[in-house]
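> Protein chains in written order, with numbering that gives the first Met the number 0: chain U, 0 to 234; chain R, 0 to 350.
There's no promise every hint is true.
To be verified - If you anchor each label on the Cβ, the simulated ranges turn out as follows:
hint: 1; chain 1: U; residue 1: Glu-169; chain 2: R; residue 2: Gln-74; range: 50 to 56 Å
hint: 2; chain 1: U; residue 1: Arg-32; chain 2: R; residue 2: Gly-54; range: 39 to 45 Å
hint: 3; chain 1: R; residue 1: Lys-236; chain 2: U; residue 2: Ser-148; range: 57 to 63 Å
hint: 4; chain 1: R; residue 1: Val-9; chain 2: U; residue 2: His-86; range: 26 to 32 Å
hint: 5; chain 1: U; residue 1: His-86; chain 2: R; residue 2: Glu-140; range: 51 to 57 Å
hint: 6; chain 1: R; residue 1: Ser-82; chain 2: U; residue 2: Glu-170; range: 43 to 49 Å
hint: 7; chain 1: U; residue 1: Glu-55; chain 2: R; residue 2: Ser-77; range: 22 to 28 Å
hint: 8; chain 1: R; residue 1: Asn-259; chain 2: U; residue 2: Phe-44; range: 51 to 57 Å
Stated by the list, open to error - Partial list, computed: chain R residues near chain U (C-beta under 10 Å):
hint: 9; residue: Tyr-52
hint: 10; residue: Arg-62
hint: 11; residue: Ala-112
hint: 12; residue: Tyr-119
hint: 13; residue: Thr-138
hint: 14; residue: Met-214
hint: 15; residue: Leu-215
Read the hints as simulated data drawn from the structure, not as lab findings.
From the three backbone atoms N, C-alpha and C, an ideal C-beta is built for every residue, glycine too.
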Amino acid sequence: MLTLGIETATERVSVALGDHDGVLGSIDITRGRRHAETLTPAIEFLCRQVDVKIDEVAVVAVDVGPGLFTGMRVGIAAAKAIALALHIPMIALSSLDLLAYPLRRTDQLIASVIDARKGEVFYAFYRQTDHGIQRVLEPMVGSIDDLISDLLGRGQETLCVGDGAVRYREEIVAGFETDFADLSYSFPCASALVELAHVKALKEDWVEPHQIEALYLRQPDAEINWSTRNSGAGR
Amino acid sequence: MSGFTPNNLVVNESTIILAIETSCDETAASIVMGGNDILSSVVSTQIDLHAQYGGVVPEIAGRAHLYLLNPVIAQAISEADISESRIDAVAATHGPGLIGALLIGVSAAKALAYAWDVPYIGVNHLEAHLYAGLLEDPTLELPLVVLLVSGGHTMLIEMRGHGEYKLLGRTIDDAAGEAFDKVARFLDLGYPGGPAIDAIARTGNAQAIDFPRGMLHDGLDFSFSGLKTSVVNYVRKNPNVNTADVAASFQWAVVDVLLNKARKAAEAVGAKGLVLGGGVAANSLLREKFTEMCAADGRRGLLPSRAMCTDNAAMIGSAAWYRLRSDGPTALDSGGFPNLRLPLIDSSWSR
Ligand SMILES: [Zn+2]
Chain U
0 MLTLGIETAT ERVSVALGDH DGVLGSIDIT RGRRHAETLT PAIEFLCRQV DVKIDEVAVV
60 AVDVGPGLFT GMRVGIAAAK AIALALHIPM IALSSLDLLA YPLRRTDQLI ASVIDARKGE
120 VFYAFYRQTD HGIQRVLEPM VGSIDDLISD LLGRGQETLC VGDGAVRYRE EIVAGFETDF
180 ADLSYSFPCA SALVELAHVK ALKEDWVEPH QIEALYLRQP DAEINWSTRN SGAGR
Chain R
0 MSGFTPNNLV VNESTIILAI ETSCDETAAS IVMGGNDILS SVVSTQIDLH AQYGGVVPEI
60 AGRAHLYLLN PVIAQAISEA DISESRIDAV AATHGPGLIG ALLIGVSAAK ALAYAWDVPY
120 IGVNHLEAHL YAGLLEDPTL ELPLVVLLVS GGHTMLIEMR GHGEYKLLGR TIDDAAGEAF
180 DKVARFLDLG YPGGPAIDAI ARTGNAQAID FPRGMLHDGL DFSFSGLKTS VVNYVRKNPN
240 VNTADVAASF QWAVVDVLLN KARKAAEAVG AKGLVLGGGV AANSLLREKF TEMCAADGRR
300 GLLPSRAMCT DNAAMIGSAA WYRLRSDGPT ALDSGGFPNL RLPLIDSSWS R
């Protein structure tokens, strides 16, 4: 079952194709032009080099975040459009899962940490199981202090990964002693996405394109300001 | 009307385009055949989502577009009652507009075009507004003068041919729609301001207050910020004034200036017809006086339906057909252009 994976939740644009033989090919671009410019040509190039036609794809997997809103929506919009065009189902996975998956061999607690800007991070925790990894803390958004107190609460040997972990390394270490993954693991990538999606696809654990929802974890600023104003906090 | 594009693609009367519009707060899709035959046009407005904030909130618009776009496209295809394999090209507004909103339509359109192996066409939203009038009456003869009035724009454009535009006049400060929004907010009439003022003005006296007509005898450019200020000053000095009279007199001042300049522009270039376009063209007083003026002048006036004046994807599909015919497809590595301008023959306009 040929799976196309699309991932644009962070600075990186990443696409991959995979089937029961594993990842057939992937493209990761972490700087340069913006997501909207790069994405479709990357899919086109990948299909050509892997020698498949786009209409052979049977399922579209997409990273639904959390991440940077504008870039993330570019990938989700394109993924939903391809699924609509080809009448195929979709599989949604979280950016935080994709960060943890390549580190699944560690017996440390894995903390996926994505930069959410405005001094905050998106994060979730994972631990190794017999079959791979299991999420033990649902995706959150919070300050570095929130992350540190959640880590202290677990009190386990931890491996931090993600662009949030890289950016706030010093602040995290100041509050909690932890290891950090190599820089090459700092961004989610679509090859992890198609590997994880393939397992789900075999179980037909998929959804229709209109059921795909982005994982924002944060209200739009206007709504936050509005509810603060209306709750009387500002009066 | 047929021809080969630079890519040897045949573009003719039976060319079918799926068009997408997500530049602001309407999520829209349409199927248009041959540049002016609208097979379907679906518009999902987000006005209710933004109303409580008194304006469009970009992040809320982005979320709504992502959520609504697939169902809107699916509905446009099903209402057109065609098989998807008949779609010859996919178009989307690529500017001007809110960048995050534009990129959703652009990304979806490019992905659809790639998946169906058909051309993608990035469309200029302003150019599409010019085509909205022609779309409903393709027999209009060029040159035409188009009065384009919306929340973001107030322009008088001479349309000499397809893709050949000359700017005759434009606002030097606020757009007409912006003035409506600001005055409505000041009078506490709600959002969006245009329909709110239009409604209350019906019960007011448009001659009650003689608001100034900015730059009336001063070329073809417009100015509305002085008008807004005099409304504010007048109401502060006369706190017991009837709000309906203020709204009606303000509205009449705007319409009076718009139509006076449109008439002057049509005379100056010897236009065969005058076309109204943009969201403010849905205003009832402007529509009524526009029709009266064209009749009085013996000039052909084209008043698109209200649905065609406000943002929609049918006008995108129409403009896309002409662009595909003249320029060919847009490259798949193209993105969004939030500050895109209308391509003008006389490029001395710098703003
Ligand atoms: Zn518009």
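> So, for every hint listed, does it hold in this structure?
Hints, one by one, checked against the model:
no., hint, in the structure
1, Glu-169/U x Gln-74/R: 50 to 56 Å, "holds (52 Å)"
2, Arg-32/U x Gly-54/R: 39 to 45 Å, "violated (31 Å)"
3, Lys-236/R x Ser-148/U: 57 to 63 Å, "holds (58 Å)"
4, Val-9/R x His-86/U: 26 to 32 Å, "holds (27 Å)"
5, His-86/U x Glu-140/R: 51 to 57 Å, "violated (44 Å)"
6, Ser-82/R x Glu-170/U: 43 to 49 Å, "violated (57 Å)"
7, Glu-55/U x Ser-77/R: 22 to 28 Å, "holds (26 Å)"
8, Asn-259/R x Phe-44/U: 51 to 57 Å, "holds (56 Å)"
9, Tyr-52, "holds (5 Å)"
10, Arg-62, "holds (7 Å)"
11, Ala-112, "holds (8 Å)"
12, Tyr-119, "holds (8 Å)"
13, Thr-138, "violated (36 Å)"
14, Met-214, "violated (35 Å)"
15, Leu-215, "violated (38 Å)"
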